[in-house]
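*Asks:* Here the working numbering is used: the first residue of the sequence shown is 44, the next is one more, and so on.
Quick caveat, the hints were computed from the structure, so don't treat them as lab data.
Any given hint might turn out to be false.
Derived lysine to any residue pairs resembling SDA-like cross-links, with alpha carbons at most 20 angstroms apart [as the list claims (entries may be wrong)]:
#1 K99 to A147
#2 K99 to R146
#3 K99 to V84
#4 K99 to D127
#5 K101 to V150
#6 K101 to T156
#7 K101 to D127
#8 K101 to R133
#9 K99 to Y151
As the structure is a computational prediction, the values presented were derived from the model and not from experiment.
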Amino acid sequence: HTHTPTPPHTPDTVSPTDTKTVSPTDIITDPQANLDAYIRVRGSHNPREEVVYYWKGKVYSENLNDNSSEGVSVGGSNHLFDFDGFNIARAVPIQGGWMLLSRAFSVYRDPHTGEI
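With these hints in hand, go ahead and build the complete structure from the sequences.
*Replies:* Have a look at this one:
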């Protein structure tokens with residue numbers, strides 16, 4: 044069993060807002076509360092914990108009438124392709140905030156066969 048030591052400058056957790064209740068108004072008006080909320084949603088306050096997101100969907104084109112500033116559908120939509128992928132990220136505290144370290148992988152699939 045090997046143990047990788049944590050560098051002295053990397054705490055196990057960094058969470059300045061854990062000890063207080065943060066209201067939705069605080070998240071909107073207080074930049075630090077906003078950043079902390081983003082890190083909680085996007086990652087973890089533990090700089091050694093990686094968070095995985097997965098996505099899957101379909102991409103369509105929409106045929107629009109160019110005569111309208113709002114765009115009016117004139118021919119329906121076309122299913123162009125399917126896609127799915129994942130992202131692995133971790134947030135590391137830095138001076139004045141966080142650095143989000145992230146990597147992602149996506150594939151685009153034929154809408155009829157599912158082939159990549």
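*Asks:* Would the hint linking K101 and R133 be met if the CA-CA limit is 20 angstroms?
*Replies:* violated (27 angstroms)
*Asks:* Can the restraint linking K101 and V150 be considered satisfied, given a maximum Cα separation of 20 angstroms?
*Replies:* holds (12 angstroms)
*Asks:* Verify the proposed pairing of K101 with D127, using a straight-line Cα cut of 20 angstroms.
*Replies:* holds (9 angstroms)
*Asks:* Does K99 pair with Y151 here, judged by a C-alpha cut-off of 20 angstroms?
*Replies:* holds (10 angstroms)
*Asks:* Holds or violated: are the alpha carbons of K99 and V84 at most 20 angstroms from each other?
*Replies:* holds (19 angstroms)
*Asks:* Take a quick look at whether K101 and T156 sit within 20 angstroms of each other, Cα to Cα.
*Replies:* holds (13 angstroms)
*Asks:* Just to be careful, I want the Cα atoms of K99 and R146 compared with a cutoff of 20 angstroms; is the pair within it?
*Replies:* Holds, because 17 angstroms separates the two Cα atoms, which is no more than 20 angstroms.
*Asks:* Take a quick look at whether K99 and D127 sit within 20 angstroms of each other, Cα to Cα.
*Replies:* Roughly 4 angstroms separates the two Cα atoms, so the pair holds.
*Asks:* Starting from K99, check that the Cα of A147 is at most 20 angstroms away, please.
*Replies:* Distance of about 13 angstroms is within 20 angstroms: holds.
This entry does not satisfy hint 8, going by the numbered hints stated previously; all others are met.
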